[in-house]
Amino acid sequence: MTCLPGQTEKKLGLVIDLDTCVGCHACVTACKGWNDQGYGAPLSDQEAHGADPSGTFLNRVHSYQVSPPEAVPFTVHFPRSCLHCDDAPCVTVCPTGASYKRIEDGIVLVNEDACIGCGLCAWACPYGAREMDKAAGVMKKCTLCVDRIYNETLPEVDREPACVRTCPTGARHFGDLSDPDSAVSRLVADRGGVALMPEMGTKPVNRYLPPRAKDRGAQVSPLAPLLDVQATGFAGWLDRVLGKI
Amino acid sequence: MHPAPSIILFTVLSGLGFGLLACLALGLPGLSGWMAFFGWGIGYVLATGGLAASAFHLGNPQRALLAFTQWRSSWLSREAWASVLALLVMAPCALADWLGFDWPVALRLLAAVLALLTVLATSMIYASIRAVPRWNHWTTPALFLGFALAGGALLGLQGGLAAVLLLGLGAVQIAAFGLGDRQFAARGASMESATGLTGRGAVSVFEQPHTGGNYLTREMIHVVGRRHAQKLRVIAVVCASLLPAGLVLTGGGAGLVLAIPLHMTGALAARWLFFAEAEHVVGLYYGRRG
Ligand code: SF4
Ligand code: SF4
Ligand code: SF4
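Chains as they are written, first to last, in full-length UniProt numbering: chain A, 1 to 245; chain B, 1 to 290.
Just so you know, the hints here were simulated from the structure itself, not pulled from any lab data. It cannot be assumed that every hint is accurate.
So the derived label-pair ranges between C-beta atoms look like this [unchecked claim]:
(1) B:HIS228 with A:THR153: 35 to 41 Å
(2) B:GLY199 with A:ALA231: 53 to 59 Å
(3) A:GLY236 with B:GLY225: 56 to 62 Å
Listed below are several chain A residues computed to face chain B (Cβ distance under 10 Å; list not exhaustive) [what the hints assert, rightly or not]:
(4) GLY6
(5) THR29
(6) GLY117
(7) TYR127
(8) LEU196
(9) LEU238
(10) VAL241
(11) LEU242
Beta carbons: idealized from backbone N, C-alpha and C, even for Gly.
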């Protein structure tokens, strides 16, 4: 059913710390690894070792340069995946009922057995969170590792999304964002977590923690004094002569 | 958005077909005998051929019947219903003209309304997508209906009516180009809002997330050269609207016939631009609008 549930019992989602993420792409690889063998059609690659490789991924890590008006530019690494929106336009446009949002936890999923591969849901998503699998002809998207988080055959530490479990810097957090006392909600409150493109009216569940303010100015390289060494004696004379030629 | 030939052809042909069917249902022109057979035949071939062409871009067309289930929320599903209903309610009108029996005017009217509702539903598939600001505007349904009505009247050889509708279409098309150019900025999405970094400085791409293309870059990020687009805009307005209107008004029967291929050429150019110029906000993540 592609009408949205008015309200969900939980809002499971991710909180991603842009201050901590180092852009290592480990979450991309872990995501592809897990989702290649479990839920639905595998994430296919085309020409993986050829001249023009391409493939289906549910998580992509961008790197941006941010240039503040009066300070040194800095880099921000930015993982991008489904935000499990409350007002998910990808769900309502689906003609077949394949796209749906779960009432119990708010996860947005695709029932691949009903998907005709029309691509409309990917058009409707502002965040580029859906990719059509070229081999299977069905729409793929982040499942929030629905086959891990409730999976009692896994050890308890592993019952979180593969990207969260694997992130070496602890930049990714998973939890219930409808509960104001959950660890993720408190993190969002403490760090001023933001929703992406609020002007699209999608009401995303996932939040991004912006980079912290720098506590000192642009760091000066320890080698910097060497850049301005004044030669003396014979070397100085040579330097002056050569400078005049 | 990627201007896929299958979707361009589908929307242009089915729009023309449903426009012609609406005209025929209203008795514009009132055909009989074998003329009716061929007139209605052309309408049905255009409309259904267009629908079939749309199936080419489905990943799993064998499940297409499921597309009828979600009419409560999905314009694509509503389009499926409207098109099938229109074609069904049209059938006895066509038979009545061909075989020469009477058919109630109310049912002819209903058939015409359903045909135009089909075109409206097609246009709303695009107009309802907020992530493509240029489409998310009243000019989108106005354009699709304009093309169906003007093209239908032209194919129905309705000289005067066709000329008026063609000129109206030209006006809507020019408005759509002009207003559309402002839509993206008006929506307010930027690389800063897309990354949640608003207020921290200008954001630019440092490194792309992947070195090759992917579904998103192929399907949703298409950048057209500005000069190229300007030329095509002129071609679209001149060929789809101005020239055919002039030919219909001054050229007599030969003018009417010549106007049809011209109008279709203009319609294809306009539809190509409709897709190629539509920028999806996901392009912001890649530092490329388009
Ligand atoms: S991020 Fe995109 S795919 Fe995910 S729920 Fe929101 S609109 Fe749908
Ligand atoms: S691609 Fe599949 S999930 Fe997406 S809108 Fe079409 S049928 Fe629904
Ligand atoms: S694994 Fe963690 S640090 Fe590495 S790119 Fe993903 S979120 Fe960033």
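Each hint, compared with the structure:
1. For HIS228 of chain B paired with THR153 of chain A, a C-beta distance near 57 Å fails the hint of 35 to 41 Å.
2. Between GLY199 of chain B and ALA231 of chain A the C-beta distance comes to about 47 Å, which lies outside the given range of 53 to 59 Å.
3. Restraint check, GLY236 of chain A to GLY225 of chain B: a C-beta distance of roughly 57 Å satisfies the suggested window 56 to 62 Å.
4. Violation of the interface hint for GLY6 of chain A is found here, the shortest Cβ-Cβ separation to chain B being roughly 13 Å, above the 10 Å cut-off.
5. Taken as an interface hint, THR29 of chain A does not check out: its beta carbon lies about 12 Å from the nearest beta carbon of chain B, beyond 10 Å.
6. At a threshold of 10 Å, the smallest CB-CB gap from GLY117 of chain A to chain B is about 2 Å, leaving the interface hint in force.
7. For the restraint placing TYR127 of chain A at the interface with chain B, the shortest Cβ-Cβ distance is roughly 7 Å, inside the 10 Å limit, so the hint holds.
8. A cut of 10 Å between beta carbons decides the hint on LEU196 of chain A: the least distance to chain B is about 5 Å, and the hint holds.
9. The interface hint given for LEU238 of chain A is violated, since its Cβ lies 41 Å from the closest Cβ of chain B, which is over the 10 Å cut-off.
10. With 10 Å as the threshold, the beta carbon of VAL241 of chain A stays out of range of chain B, its nearest partner Cβ sitting at about 43 Å, so the hint is violated.
11. With a cut of 10 Å, the hint placing LEU242 of chain A at the interface with chain B is violated, because the nearest CB-to-CB distance is about 38 Å.
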